[in-house]
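Undergrad: Fit chains B and C to the known structure of chain A by using the hints.
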Amino acid sequence: MASKDVVEYASPARRIANVAVVVFLAVYLLWTILPIFVMFVSSLKDLLEAFRIPAVGDWSGIALFFDFEPTFKHYTNLFVNLNFGVYFFNSVAAALGSAVVSVTLGATCAYALSRTEFRGKKDLFFWIISTRMAPVVAVMVPLYAIFRSLELVGSLWGLILAYTTFNLPFAIWILKGFFDNVPFAIEEAQMVDGATRMQAFRSILPLVAPGIGAFLVLCVLFAWNDFLFASIIGSGGAKTLPVATKELVQPQNIQWGSIMAAGVVTTLPMMFLGLLIRRYLVTGLTMGAVRE
Amino acid sequence: MFYVPKNAIYKRIPRRKFLELGGGVATALGAGSVAVGLSSVVTRSPVQAASSDDAKWKQYSGTKLVFMSENTPPSFAIRENLKPFYDLTGIEVEILTDDLPVVQQKVGIDLRSGKADFHLNYVQDKPIGAPFADYFANLNDFINDDTLPQDPDGMGADAWFENFLDVCGTMYTRDRLIAFPYDSAVACTFYRQDLFEQHSPDFEKEYGYRMEFTKDTTWKNVYDFAEFFKKLRAAGQDVPYGYAQHQGSFAWTAQLDIQRLMYAHGQWTEFDVDDKLGSKEPGPTRWGDESSIFLMEKWKELASVAHPDNLANDTLQLNTVYQAGQIAMQVQYHEFAASIEDEKTSRAAGGKTAYAPCPKGEASWIKNGGQAVNGTSCGIGGIGINNNASDDLKRAAYLFAMWSTSKETQYNVLKGVGGTPTRKAVMDMPGVKEARQRPTDMPNALTFDAVYDYGIKDPHFVLGPKIPEANEYYQIILTEVQKCISGQQDPAATCESIRDQVDDMNDI
Amino acid sequence: MATQVLPGGALRGDAPGGINPVGIMPGFVTRDGVTVLEAEPLARNPEPSRRYYFYMMAPAIITLAAISLYPFFWLIWMSLHDVDIMAGDKWVGLKNFERLFTRDAKFSNGWLLLIQYSAMCLFFEVLLGVLIAVLLNRSRWEKVLVTVFLMPMMMAPAIAGLVWYYLYNGTFGWYHWFMQSVGLLGETSILGSPSTAMIGLVLVDIWQWTPLIVLITLAGLKRVPRDQLEANMVDGAGEIRNFFQVVLPNLYPFLLIGILLRFMDNFRFIDSVLILTGGGPADATNILPVYLFDVSFQYFKLGRGAAIALTLLVVTIILGMFLVKIFDSPAARNVGRTEG
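Residue numbers (the numbering used here), protein chains in the order written: chain A, 1 to 292; chain B, 1001 to 1508; chain C, 2001 to 2340.
With the rest of the complex left out, here is chain A (with noise of 0.2 angstroms):
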């Protein structure tokens, strides 16, 4: 509507309109990135500093939010400190291991369940797909009850696993998608030429890699923001960053400062991320249902 063609024509009320679209957007811009905005100029604050605010109704007080020392010592504190750099590491290792096992194990199997036919198959995809939408506050008790007689929590390997069960339903669901678009006329011709199945199956995988790339970066957005699994299944040994940050709300003193910075690192990785799948993004947090 706001586009060129249309702005040619203006006519007085036509301009006044647009120029409402322009606040309206602007609006919405400014409400979009300021929480973003403030929890990285917060991060370099001083506690003290954080805590003046002007009188009410004194909106030249506004300039009190720029006026401070910026200070890296929170950055610093967190890495330095507080082990930042382990809780780093954890979370990408969870993130990238549970998004490796998920589409490794959900592109054989949405393979398969794009290139064969049985009773129950309806049933057994919504099982699948059911299994990501279920309440994780519901099955909490009994899975770290499983968890624990495998000796999986508070590792790593644990929280891969604990990831798994809502990255693996997904990359089931949205694989399948994938190959789904790609004829079986191509392996048939294939296997005509005397490749075997698993050479057939691999002779498509370049055709749907970019896909499958985007989709395990998204499984990894996914474990990366997860806090209730991470805090009951992988705290203790391993500990993300979400749950770190939620940490340093400690008796005694919430350390602001630190958590806005633990938010900044946190946050930082998963935009530039998303940046890169933009693309995908939709399809992704669709399940699949929308394309762009």
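Keep in mind that a hint or two might mislead.
[To be verified] Using 25 angstroms as the maximum straight-line C-alpha spacing, the simulated BS3-like pairs for lysine-lysine come out as follows: (1) 2090(C) with 1280(B); (2) 73(A) with 1344(B); (3) 1298(B) with 1231(B); (4) 2095(C) with 1280(B); (5) 121(A) with 2325(C); (6) 1344(B) with 1276(B); (7) 2090(C) with 1115(B); (8) 122(A) with 2095(C).
[As the list claims (entries may be wrong)] Some, not all, of what chain B presents toward chain C, calculated at C-beta under 7 angstroms: (9) 1269; (10) 1472; (11) 1486.
Treat the hints as calculated values from the structure; they're not laboratory data. Glycine included, C-beta positions come from ideal geometry on N, C-alpha and C.
TA: Only chains B and C this time, still in chain A's reference frame:
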């Protein structure tokens, strides 16, 4: 600041052993910090009663233990400094820390399922001790065992501050002792002496007495102070609010908050049971009686003159509000003094804050014929031993429980990161007496007069309620009191609603 | 992305009657029923190969079963017991459910609040999301702005909760200061009053998840058939009429998918709610998953918790069936599940 969890088990395992433990795969992946699960090892060299103390301490050398703790200062400090214990015993201890709710979850599942992933548990008195009392080992067995070393100051009730051993160690019966006091949080009054002195003349003109805090200051006085500050604010003066409650989302401290008012007036408690023991079947609650309804009305009045963000601030946030200089007084746990006295984070630091016991009951507010006391509530975190563990593991765990609560350890924590001793003997350690006066290098010591010399003694100290359903009880109190303060229901209906829900919870 | 673009039905391989009598591969059938790729005779995809496919499926299916079916049956078992901390487990039949449905005010309240919460979030997210998408669609700023708008979605909900907590704080929160300065709030912060706490949560959800609706709507707008628009224009419809008569009906399946997904996510994710309010004050934000969290992990009433969890699961599964139905329905055909 003080948190460096270097996976203790892992670090000291020699490379070969590490590979045996299944770390090979981890190394191959470059996953240097993959934890080795929560497995334990126990090795034992038998000793006799006549053996040397050193042999007794060393009898479990090579053993590995896991301690699940809330993220409180002593655990951070002890984790930083485990070497003396390792040198003394040869035992490796891994200390895991988490939020209290997460600790509750994990400890609960561990204990209940007959496992012993965590040999040592942080037994926060009511939230963890009361529900899981039966799952902790009876420490009396170890205290009387002469094949174990013993602390020279003893582990009996006399070694600790009054009531402390009862609060976290005694649940429902004196036959069993489930925990030793590990750290403590006892309520006392933090107030801005600078502001009180500045405004006292004006206050006296209006109310006819001086604005100051002593052990005889009553809840009625607190109301007057808060009202006075609120009026000053309304008149446009730049003063903070006079008072605030802990009625934010943390249910336990919200209950402890109102408990102080209730107990101050005739030692009112919610159940007709021995407060020191508690009960698994506490019977019908007293909520809904005349006392409770009257005091609920007073609670609501206090809320009306308190900081307006009462329902958003729980204990931790409230302390931040005080640090930011937005309230002139808070009833707070003495472990928070260190953060208040820290110039880097607090505007109430540098001699502005003084400490006093909790407010006393107002005689005319007492409806049950009891006495007026300085109702003082508490959370005493104990260290207990998982009864599911094998006998040898339990004995090894006892060594750590004893060491971690020894006066030397507590003294080091006090000097280092704050900390709140539970052993009487710490008071006589070098420098502690001096630290109770300004200038001080142990800010928590500024509260010791109000807490250890007064608040924790009978008849002021309230221990309970020790009931298995303590955590659900807290949530009921929090929700209903919030409804009352926010004007959704009147005090009488609030108390009756609490009564109905609590009795239903206890199958009455 | 797959290089080969084939039009097709929503969920392929859903041939009625289970196994195809002649053992053929599911065909690639377009929406108007024209077969693009011929079904393949059994001879080309022989019986042994099907076993092969099952082997390929097995690892994933077994893993999933272990981590989902087992907990599920455990949940049912617990819901029928009084899983008592002190006394041990006791069979109680349907007593846990009876309690929920007869005298547990927090249970019914929790459902009510969950629906209220989701409805409020979704109303504003759809309203804002569609508006923004329509304004941005094919404009020169589309690429840049959408990219920026996406940022909140990438933030972990737990971190978002902490950041918003910081903004809302009555002592040092800048949003609180702003709302106070424009007269929206008094000194009580937004999370500190039962009458506004829910709004506080809704705002966070809107901030984080409106971008999803924007994305979905943009995808939908790209798929509004040109010919329909043009036909309507020829009939003299203006832009606004066009929007309501042509665009919106075409967007409907997209929006429905967005709404269902968000609704189910509100069941799943309570990270930010736990951090922001924990269900309070005065139960004003005690949505069912939060209450469930309390019952299971704070009170350790595992039996009652399991009963609550099962009701949540059942509703989730019903919603999920709806979702899959929409994927399948003719109306959603051009949602483009299978378009590259």
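Undergrad: Against each hint, give a clear statement of whether it holds in the structure.
TA: Outcome of the hint check:
1. With a CA separation close to 18 angstroms, the supplied pair residue 2090(C) and residue 1280(B) stays within the 25 angstroms bound.
2. A hinted pair counts as satisfied when its Cα atoms are at most 25 angstroms apart, and residue 73(A) with residue 1344(B) qualifies at roughly 13 angstroms.
3. Note on residue 1298(B) and residue 1231(B): the hinted pairing holds, with a Cα-Cα distance of about 19 angstroms set against a maximum of 25 angstroms.
4. At most 25 angstroms may separate the alpha-carbon atoms for a hinted pair to count; residue 2095(C) and residue 1280(B) meet this at roughly 22 angstroms.
5. With a CA separation close to 15 angstroms, the supplied pair residue 121(A) and residue 2325(C) stays within the 25 angstroms bound.
6. Restraint check for residue 1344(B) and residue 1276(B): not satisfied, since their Cα atoms lie roughly 40 angstroms apart, outside the 25 angstroms limit.
7. Only pairs whose Cα atoms come within 25 angstroms are accepted, and residue 2090(C) paired with residue 1115(B) is accepted, the gap being roughly 20 angstroms.
8. The suggested pairing of residue 122(A) with residue 2095(C) is violated, with an alpha-carbon distance near 35 angstroms, which exceeds 25 angstroms.
9. For the restraint placing residue 1269(B) at the interface with chain C, the shortest Cβ-Cβ distance is roughly 21 angstroms, beyond the 7 angstroms limit, so the hint is violated.
10. Annotation: interface hint on residue 1472(B) holds; nearest CB of chain C at approximately 4 angstroms, less than 7 angstroms.
11. For residue 1486(B), the interface hint holds, since its Cβ comes within 7 angstroms of a Cβ in chain C; the closest pair sits about 5 angstroms apart.
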